[in-house]
Amino acid sequence: MFRATIDADLLKDSVESLSVLVDEARFRISPEGIAVRAVDPANVAMVSLDLAASAFDEFSASDCEIGMDLTKLTDILSLIDKTDKVLIELDDMSQKLSIQIAGLSYTLSLLDPSTMRADPRIPQLELPAEVIMNGKDLRRAVKASEKISDHMLFGIDGEIFYMEAEGDTDRVRVEMSRDQLIDLKPDDVHSLFSLDYLADIVKPVARSNEVLLEFGMDFPIKISTTFANGALKVGYLLAPRIESD
Amino acid sequence: MFRATIDADLLKDSVESLSVLVDEARFRISPEGIAVRAVDPANVAMVSLDLAASAFDEFSASDCEIGMDLTKLTDILSLIDKTDKVLIELDDMSQKLSIQIAGLSYTLSLLDPSTMRADPRIPQLELPAEVIMNGKDLRRAVKASEKISDHMLFGIDGEIFYMEAEGDTDRVRVEMSRDQLIDLKPDDVHSLFSLDYLADIVKPVARSNEVLLEFGMDFPIKISTTFANGALKVGYLLAPRIESD
Amino acid sequence: MFRATIDADLLKDSVESLSVLVDEARFRISPEGIAVRAVDPANVAMVSLDLAASAFDEFSASDCEIGMDLTKLTDILSLIDKTDKVLIELDDMSQKLSIQIAGLSYTLSLLDPSTMRADPRIPQLELPAEVIMNGKDLRRAVKASEKISDHMLFGIDGEIFYMEAEGDTDRVRVEMSRDQLIDLKPDDVHSLFSLDYLADIVKPVARSNEVLLEFGMDFPIKISTTFANGALKVGYLLAPRIESD
Chain A
0 MFRATIDADL LKDSVESLSV LVDEARFRIS PEGIAVRAVD PANVAMVSLD
50 LAASAFDEFS ASDCEIGMDL TKLTDILSLI DKTDKVLIEL DDMSQKLSIQ
100 IAGLSYTLSL LDPSTMRADP RIPQLELPAE VIMNGKDLRR AVKASEKISD
150 HMLFGIDGEI FYMEAEGDTD RVRVEMSRDQ LIDLKPDDVH SLFSLDYLAD
200 IVKPVARSNE VLLEFGMDFP IKISTTFANG ALKVGYLLAP RIESD
Chain E
0 MFRATIDADL LKDSVESLSV LVDEARFRIS PEGIAVRAVD PANVAMVSLD
50 LAASAFDEFS ASDCEIGMDL TKLTDILSLI DKTDKVLIEL DDMSQKLSIQ
100 IAGLSYTLSL LDPSTMRADP RIPQLELPAE VIMNGKDLRR AVKASEKISD
150 HMLFGIDGEI FYMEAEGDTD RVRVEMSRDQ LIDLKPDDVH SLFSLDYLAD
200 IVKPVARSNE VLLEFGMDFP IKISTTFANG ALKVGYLLAP RIESD
Chain P
0 MFRATIDADL LKDSVESLSV LVDEARFRIS PEGIAVRAVD PANVAMVSLD
50 LAASAFDEFS ASDCEIGMDL TKLTDILSLI DKTDKVLIEL DDMSQKLSIQ
100 IAGLSYTLSL LDPSTMRADP RIPQLELPAE VIMNGKDLRR AVKASEKISD
150 HMLFGIDGEI FYMEAEGDTD RVRVEMSRDQ LIDLKPDDVH SLFSLDYLAD
200 IVKPVARSNE VLLEFGMDFP IKISTTFANG ALKVGYLLAP RIESD
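Chains as they are written, first to last, in numbering that gives the first Met the number 0: chain A, 0 to 244; chain E, 0 to 244; chain P, 0 to 244.
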C-alpha cells in the first residue's frame with residue numbers, strides 16, 4: 000500500500016537526481032519514506048536518494064518496492080507547473096501507479112523490481128578531506144573544465160581547495176580559500192574524475208546552496224546535498240580516474 | 000482589386016491557423032472579407048477560415064481569388080513585431096502581392112488558383128455533443144496524451160467530459176465536470192482521433208479562451224474558435240480513427 | 000610584456016567582431032592598444048579592429064604579437080557574465096596567455112604568429128556614397144533579404160537610400176529617406192553583396208546605434224562602427240558581387 004501527495008517541485012528534483020545517472024530505478028517504500036540506491040550502467044557512479052515521509056503533504060505506506068521507468072516519469076513531469084501538487088497512488092492489484100496532477104490522471108505500468116539490478120552495496124570509505132561550497136561555484140568550475148578537457152582534478156594544497164582541468168595545450172584552474180568556501184577540512188590529497196559524470200551530477204546539485212564534497216588521495220569522491228530543509232537527501236559516489244603521467 | 004491594412008498579430012494568427020494543416024491555400028476575397036477552405040494532403044482534416052472586412056483597419060476589394068505559399072508568408076511574418084501594421088495590396092496586372100510592413104516592402108508571386116486543389120465540400124453533420132472549454136486546458140490534455148500514445152479519445156460519460164489516451168502499458172485521462180468547462184451539452188458518445196493532427200490544430204486554438212468542440216459517436220470532431228471579437232473565425236473538422244479492440 | 004584588465008562585455012564584443020569572419024587572428028599589441036587586421040579564408044571580406052589602451056581598466060604592454068584561437072576564446076567567454084572583469088596576462092617565457100575571471104584561471108597556448116597569414120593590405124578606395132544608420136535597421140533589412148535571396152543590393156536613388164533583394168519570384172525592398180537615417184551623403188551608385196557575409200557582419204554591428212556604410216558603383220562596401228565611446232573601432236570591407244542581368 001502506498002499513497003502520497005507531494006509538491007511537483009520536490010518530485011522533479013528527486014527524479015532528476017536519479018535520472019542523470021540511471022534510466023530506471025527501484026524505489027524502496029516504507030512508512031518512513033522512500034529510498035533509492037542505484038549504480039550507473041558502467042559501474043562508475045552511484046546515487047543514493049532519501050525522501051522522508053515528512054517531505055510529503057500526505058504519506059501513508061507499508062513496506063514495498065516498485066520499479067520505475069525514469070524517462071517516462073521525467074516526460075510526464077515536464078508538463079506540469081512547479082507549484083502543482085502531485086498525488087501518487089499504488090494499485091496493489093494491478094501493480095500500476097496512478098499519478099494525478101491538476102485534473103490529469105496518469106496510470107503507469109511498473110517495472111518488476113525482481114528483474115532489476117540489485118541495490119549496490121555502499122562502500123565504507125575514509126575520505127579525509129571535506130569541502131562545503133555553493134552549488135553554483137561547483138557547476139561553474141565543471142563547465143569551465145569541460146571546455147578544456149574530459150577529466151578534472153579536485154585537490155587541497157595547504158588551506159587552498161582547487162579544481163583543475165588540463166587539455167593538450169590549455170589549462171583551467173579554480174582556487175578557493177577558506178573564506179570563499181562555506182567550510183573546509185583540509186588534507187593534502189587530490190583525485191581525478193571524469194567530466195562526463197561530473198557534468199551530469201552537477202545539474203541537480205547546482206540548485207543547492209550547500210554541497211558537501213568528501214574526497215581523498217586517488218579515492219572516490221562523495222558529492223552530497225539536501226533539499227527541502229533536509230527532507231530530500233541526495234548523494235553521489237564517483238570512482239576516481241587513474242592519472243597518467 | 001484588393002487593398003487592406005491589418006494588425007500583424009491578427010494576420011499571424013490567420014496564417015498559422017492554415018499552415019498547421021496545409022502549405023498553400025486559395026484565398027477567396029470579396030467585399031465582405033476573406034474566406035479559405037482547405038483540406039490537408041491526406042484528406043484527414045479540413046480547415047475553414049473567415050476573416051471579416053471589419054478585422055481590417057482598411058479593406059477594399061472586389062471579388063477575386065489568390066493562391067498563396069503559406070511557408071513563404073510565415074517566413075516573412077516571423078520577422079515582424081506583433082504590433083506592426085501590415086499593408087497588403089494586389090497588383091492585378093502582374094498578379095503579384097505587395098506586402099508592406101514598417102518600411103519593408105515585399106513583392107510576392109502568387110500561385111495560380113486554377114491549378115490548386117478545389118475547395119472541399121464541407122459535410123453536413125449532426126454532432127450531438129458539445130463542449131466549450133479553455134484552449135489551454137485542451138492543449139494540456141493533448142500534450143499529456145502525446146507522451147503516451149498516438150491517438151486520443153474524446154467522450155462524455157453522464158455529465159463528465161473526458162479526454163483519454165492509452166499506450167501499450169500506460170494511460171492518461173482528463174475528466175472535466177460541467178463547472179470546469181465553460182459549457183457542456185452532454186450526449187453518451189465518444190470518438191477517437193489522431194494525435195498528430197490534434198497537436199497541430201491545438202497550436203493556434205490554444206490561444207483562445209473559448210474553444211467549441213462538437214462530436215458524436217465515431218464521427219468527425221469539429222474544433223472551432225474565434226479571435227478579435229469574432230472578426231476571425233477558425234474551424235477544423237477532423238476525421239475519426241477506427242478504434243481497434 | 001602584456002598585462003591588461005577589461006570589462007567582459009567589451010572583450011566579448013571584440014572577439015565576436017573577429018570570429019564572424021575568421022577562426023584565428025594575430026593581435027598586434029603596443030603601448031597604445033591592440034590592433035587586428037584579418038581576411039576571411041575566401042578573401043571576400045576583411046575585418047579591422049582597434050581596441051585603445053583607454054578601453055582597459057589597466058593596460059601595460061610593450062610591442063608584441065600573439066596568435067589566438069578565437070573559437071577557444073569564444074568558448075571561454077560564453078561562461079562569464081557581462082559585468083565580470085577579465086585579467087589577461089602574457090607569460091613571455093612559456094608564450095602562454097593567462098586569463099583570469101572571477102576566480103577562474105585559464106592558461107591558453109598561443110598560436111605562433113609567424114606561421115599565420117600575413118596581415119592584409121587595406122586598399123585605398125574612393126567610396127562616394129555614405130549612409131549612417133541604426134544597426135537594428137540594417138539587421139532587419141538583412142534578415143528580410145535572407146528569406147528571399149542570397150545576395151543584396153545597396154544603392155541610392157536621388158535622396159533615397161535603398162536595400163533590395165530579389166529571389167526567383169519574390170522581392171524585398173527597404174527604402175529610407177534622409178529623415179529615417181542618421182546621415183546621408185548621396186551619390187547615384189549601387190553595389191551587390193553576398194548575404195552570407197552580410198548576415199555574419201551584421202551580428203556584432205547591430206548592437207550599435209550608429210553604423211557607417213560607405214559604398215560606390217560596383218565597389219566594395221565598408222561597414223564600420225564603434226563601441227565604448229570610440230575605444231573599440233570595428234570595420235569590415237566586403238567585396239562586391241557581379242550583378243548578372
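Simulated from the structure, these hints should not be mistaken for lab results. Warning: the hint list may mix true and false statements.
Identical copies look the same in the list; a pair holds intra-copy or inter-copy alike.
Heads up, simulated DSSO-like pairs for lysine-lysine below, C-alpha to C-alpha not over 27 Å straight-line [said to hold, decoys possible]: (1) Lys184 <-> Lys95; (2) Lys71 <-> Lys202; (3) Lys135 <-> Lys232; (4) Lys81 <-> Lys135; (5) Lys135 <-> Lys146; (6) Lys232 <-> Lys146; (7) Lys81 <-> Lys232; (8) Lys11 <-> Lys135; (9) Lys142 <-> Lys11; (10) Lys202 <-> Lys95; (11) Lys84 <-> Lys221; (12) Lys142 <-> Lys202; (13) Lys84 <-> Lys146; (14) Lys184 <-> Lys146; (15) Lys146 <-> Lys71; (16) Lys184 <-> Lys71; (17) Lys146 <-> Lys221; (18) Lys84 <-> Lys142; (19) Lys202 <-> Lys81; (20) Lys95 <-> Lys71; (21) Lys202 <-> Lys146; (22) Lys11 <-> Lys184.
Being a predicted model, the structure only gives us computed values, none of them experimental.
Against the structure, the hints:
Taking the shortest Cα distances, Lys184 and Lys95 never come within 27 Å of each other, neither inside one copy (47 Å) nor across copies (34 Å). Taking the shortest Cα distances, Lys71 and Lys202 sit within 27 Å of each other both inside one copy (19 Å) and across copies (24 Å). Taking the closest pair of Cα atoms, Lys135 and Lys232 come within 27 Å of each other only inside a single copy of the chain (18 Å); across copies the shortest separation is 36 Å, beyond that limit. Taking the shortest Cα distances, Lys81 and Lys135 sit within 27 Å of each other both inside one copy (21 Å) and across copies (17 Å).
Proximity of Lys135 and Lys146 under a CA criterion of 27 Å is satisfied intra-copy only: 17 Å inside one chain copy versus 32 Å between copies. When the C-alpha separation of Lys232 and Lys146 is checked against a cutoff of 27 Å, the pair qualifies neither within a copy, at 30 Å, nor between copies, at 29 Å. Proximity of Lys81 to Lys232 under the C-alpha cut-off of 27 Å is restricted to the intra-copy arrangement: shortest distance 19 Å within a copy versus 35 Å between copies. Taking the closest pair of Cα atoms, Lys11 and Lys135 come within 27 Å of each other both inside a single copy (19 Å) and across two copies (22 Å).
Both within a single protomer and between protomers do Lys142 and Lys11 lie at most 27 Å apart by alpha-carbon distance, with minima of 23 Å and 18 Å respectively. For a Cα distance limit of 27 Å, the shortest separation of Lys202 from Lys95 qualifies neither inside one copy, at 30 Å, nor across copies, at 32 Å. In this assembly of identical chains, the alpha carbons of Lys84 and Lys221 never lie at most 27 Å apart, being 32 Å within a copy and 33 Å across copies at closest. For a Cα distance limit of 27 Å, the shortest separation of Lys142 from Lys202 qualifies both inside one copy, at 11 Å, and across copies, at 26 Å.
In the homo-oligomer, the alpha carbons of Lys84 and Lys146 lie at most 27 Å apart only across protomers (20 Å), although the nearest pairing inside one protomer, at 39 Å, exceeds that limit. Proximity of Lys184 and Lys146 under a CA criterion of 27 Å is satisfied in neither setting, with 29 Å inside one chain copy and 47 Å between copies. Taking the shortest Cα distances, Lys146 and Lys71 sit within 27 Å of each other only across copies (8 Å), while inside one copy they are farther apart (31 Å). In this homomeric assembly, Lys184 and Lys71 never come within 27 Å of each other (Cα to Cα): the closest approach is 41 Å inside a single copy and 35 Å across copies.
Within a single copy, Lys146 and Lys221 get their C-alpha atoms as close as 24 Å, which meets the 27 Å cut-off; across copies the closest is 35 Å, which misses it. For a Cα distance limit of 27 Å, the shortest separation of Lys84 from Lys142 across copies, 19 Å, qualifies, whereas the shortest one inside one copy, 33 Å, does not. For the homomeric pair Lys202 and Lys81, the shortest alpha-carbon distances inside one copy (17 Å) and between copies (23 Å) are both at most 27 Å. Taking the closest pair of Cα atoms, Lys95 and Lys71 come within 27 Å of each other only inside a single copy of the chain (14 Å); across copies the shortest separation is 48 Å, beyond that limit.
Taking CA atoms no more than 27 Å apart as the test, Lys202 paired with Lys146 passes in both settings, with 16 Å inside one copy and 24 Å between copies. Taking the shortest alpha-carbon separations for Lys11 and Lys184, neither the intra-copy value of 32 Å nor the inter-copy value of 38 Å comes in at or below 27 Å.
Of the numbered hints listed earlier, those contradicted by the structure are 1, 6, 10, 11, 14, 16, 22.
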